Amino acid sequence: MSDQIQFIVEKLNQEPFRKNYNLITFDSLESVQLLQLLSDVLGEIDPKVRGAIREELPEQTAKRMLTLLGILKYKPRGTVTDLSGFRQGLVTGSKPVIHPLLHWLLQRTNELKKRAYLARFLVKLEVPAEFLQDDTVADINKQYEELMEAFKSLHKECEQLKTSGLSTAEIRRDISAMEEEKDQLIKRVERLKKRVETVQNHQRMLEIARQLRLEKEREGSLAQQKQEQKSQLFHAEQRLQRAQLQLKEMHQAVVDSKPESLMKKLEEEINFNSYLVTEKIPREIENKKNSEYILQRVVAEPAMSQSDLSEIEAKIMEVHTEINQLTEKRMMKYEPADSKFSMYRQQASIISRKKEAKAEELQAAKEELSSTEKQMKQKSSQAQELGGSEVPRGDELKHYVNKLRSKNTFYKKKRLEIAEITAEYGILQRTEELLKQRHEAVQQQLQAIEDKKGISGYSYTQEELERVSAVKSEMDEMKGQTLDNMSEMVKKMKAMVAEKKASLAPVIKELRQLRQKCQELTQEWDEKKIQYDSCAAGLESNRAVLEQEVKGLLEECAQEESNYRYINCMKRNLEVQLQRAKEEMKAYVSSDPQERRKAIREQYARMILEQENLGKKLREKQKVVRESHGPNMKQMKMWQDFQKLMECKRECFLKQQNQTAIGQVIQEGGKDRLVL
Numbered sequence: 001m002s003d004q005i006q007f008i009v010e011k012l013n014q015e016p017f018r019k020n021y022n023l024i025t026f027d028s029l030e031s032v033q034l035l036q037l038l039s040d041v042l043g044e045i046d047p048k049v050r051g052a053i054r055e056e057l058p059e060q061t062a063k064r065m066l067t068l069l070g071i072l073k074y075k076p077r078g079t080v081t082d083l084s085g086f087r088q089g090l091v092t093g094s095k096p097v098i099h100p101l102l103h104w105l106l107q108r109t110n111e112l113k114k115r116a117y118l119a120r121f122l123v124k125l126e127v128p129a130e131f132l133q134d135d136t137v138a139d140i141n142k143q144y145e146e147l148m149e150a151f152k153s154l155h156k157e158c159e160q161l162k163t164s165g166l167s168t169a170e171i172r173r174d175i176s177a178m179e180e181e182k183d184q185l186i187k188r189v190e191r192l193k194k195r196v197e198t199v200q201n202h203q204r205m206l207e208i209a210r211q212l213r214l215e216k217e218r219e220g221s222l223a224q225q226k227q228e229q230k231s232q233l234f235h236a237e238q239r240l241q242r243a244q245l246q247l248k249e250m251h252q253a254v255v256d257s258k259p260e261s262l263m264k265k266l267e268e269e270i271n272f273n274s275y276l277v278t279e280k281i282p283r284e285i286e287n288k289k290n291s292e293y294i295l296q297r298v299v300a301e302p303a304m305s306q307s308d309l310s311e312i313e314a315k316i317m318e319v320h321t322e323i324n325q326l327t328e329k330r331m332m333k334y335e336p337a338d339s340k341f342s343m344y345r346q347q348a349s350i351i352s353r354k355k356e357a358k359a360e361e362l363q364a365a366k367e368e369l370s371s372t373e374k375q376m377k378q379k380s381s382q383a384q385e386l387g388g389s390e391v392p393r394g395d396e397l398k399h400y401v402n403k404l405r406s407k408n409t410f411y412k413k414k415r416l417e418i419a420e421i422t423a424e425y426g427i428l429q430r431t432e433e434l435l436k437q438r439h440e441a442v443q444q445q446l447q448a449i450e451d452k453k454g455i456s457g458y459s460y461t462q463e464e465l466e467r468v469s470a471v472k473s474e475m476d477e478m479k480g481q482t483l484d485n486m487s488e489m490v491k492k493m494k495a496m497v498a499e500k501k502a503s504l505a506p507v508i509k510e511l512r513q514l515r516q517k518c519q520e521l522t523q524e525w526d527e528k529k530i531q532y533d534s535c536a537a538g539l540e541s542n543r544a545v546l547e548q549e550v551k552g553l554l555e556e557c558a559q560e561e562s563n564y565r566y567i568n569c570m571k572r573n574l575e576v577q578l579q580r581a582k583e584e585m586k587a588y589v590s591s592d593p594q595e596r597r598k599a600i601r602e603q604y605a606r607m608i609l610e611q612e613n614l615g616k617k618l619r620e621k622q623k624v625v626r627e628s629h630g631p632n633m634k635q636m637k638m639w640q641d642f643q644k645l646m647e648c649k650r651e652c653f654l655k656q657q658n659q660t661a662i663g664q665v666i667q668e669g670g671k672d673r674l675v676l
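The sequence shown begins at 1 in the UniProt record's numbering and counts up one residue at a time.
Don't read these hints as lab results, they were simulated from the structure. Computed from a predicted structure; not experimentally measured. Worth double-checking, as some hints may not be accurate.
Derived CB-CB ranges, DEER-like [as the list claims (entries may be wrong)]:
1) Leu-435 x His-399: 46 to 56 Å
2) Tyr-400 x Arg-353: 39 to 49 Å
3) Ile-350 x Tyr-117: 54 to 64 Å
The C-beta atom is built at its ideal place from N, Cα and C for all residues, glycine as well.
Turn these sequences into a full structure, and let the hints guide you.
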């Protein structure tokens, strides 16, 4: 409780409250001040519930606070479990109610602010069913629900954007970099346009280049379609193979299955399920109930200090030591006669523990299998939605992983090559710019010389002629090279196909032999598995019989132990009572008066006599009081009248003295006037 109050004081002294409390001042707050403090905290969480406690009725205050606490999902803790008691404590400003509530609110202020903000838009207004019969009201209610769902989706997107880590500064940097790249590209395009405009037939060349680009794009799309069709064909072949394998396995299962094996499997499942229903699950339910009862008792008890816990631990240790001593004594006492029975008991306990462990392992394995199957179905459905093909398994998965690894290494190599090429491209671009600058300077010098000589434009026409001839020669060379490359590629493809066929022929033969061997081994494995299952079923049935016998013996043992403990307790109670009776008879029969006084009969007789004497004295006193009551009351009344008479005389005497004093003053004043 002190840690709780200290936490509350620390939070209240911080922003935005700034109360400047300490433990003493906070503990000395009155109920109205505590309620106002609670109202301020709730107003910080939701500004709509701000209010002054002194300006509103207690019912309004309780309604306002309880409404917000219901939205915030606050549950009273400790001893205040009854809602009416919690409401009464909230109205009266009880410290056991206010302090835990303040601790809970200040501990999760940000979370509760968010919850209160969402409650303003997500707490649904309940419209009665008879009002929803109206079409207008129904349409408005539907629009209200749609807006609520839209708000939910927008809030989720906002939270995701807040937690995604994207900042506006990074986005602005990316935009500025993209704009710079765009400006550079525009400048390059303009520069290239200026250079191309000087070439003859540049429109026709541009059209040819555009057609070439379109044909290359079409070639790439056709190659991609071809690759996709190949992959689809490969997946279809794999699905066909899996379906054939499944069909074969189902045929084998139908051929190899027998009624006896099926009955054994069903019996095993029935035994396992019956064990779960009759033994394991009821025991778990009983353990859960006991733990729940213990926890309820712990919650209902008041808070304990460290000293109470240490005392309880010491008592537990003493009880454990006493139990161990009693068990050792019992084992030493009954060990020679029940040695064989104890051995069977230990074996039975070991077998029962093993059985429980195996049952738990089997249950966990079944749950894990079901969860993995669900995940596999979800993943396969997602894969089918995305790619339209099933998820590979077994050898297909290994092949797919190896393929991905090879592609990854190839990708890394190409990435390194691209990095080298980009670096070299930057160097070449810089050299190109330098050469262009030199070329422009030389051109300017040449043009100046031509102007001086009177032959301006000669170098430009000469360059154009050389450029056109170079372009023509390059086009002719490219055509020849493309034809030669195509013929060489056709030859290489034919040679590679022949080599692959020759290299794969022995591998295919070996694969056929291995498939036959695999089929033989699978048949042998199925036979061995059937034998194993039959043997395991026999052993399991024997184990079940032994377990039933052990269970009966354990129940008998427990019953006998409980009877023994009950008889032993009754015996001890009777011995104690008999001992007390003997001591009483000894003291009562004894000739010694001191011993007889110790007897319970003598003590009670003496007490009865004392009480009778006391009653007689009280009755005599009561009689005397009754006889003297009338005269005493009369005398008291006479004294009261006498007191009133004396008071009246005193008042008259005082009035007379005042009048004589006033008369003397008047007489003295008249004498003074006569003298004057």
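Hint-by-hint comparison with the structure:
Separation of Leu-435 from His-399 is about 52 Å and conforms to the stated range, judged on CB atoms against 46 to 56 Å. Range check, Tyr-400 to Arg-353: Cβ separation about 45 Å, and the 39 to 49 Å hint holds. Range check, Ile-350 to Tyr-117: about 60 Å between beta-carbon atoms, so the 54 to 64 Å window is met.
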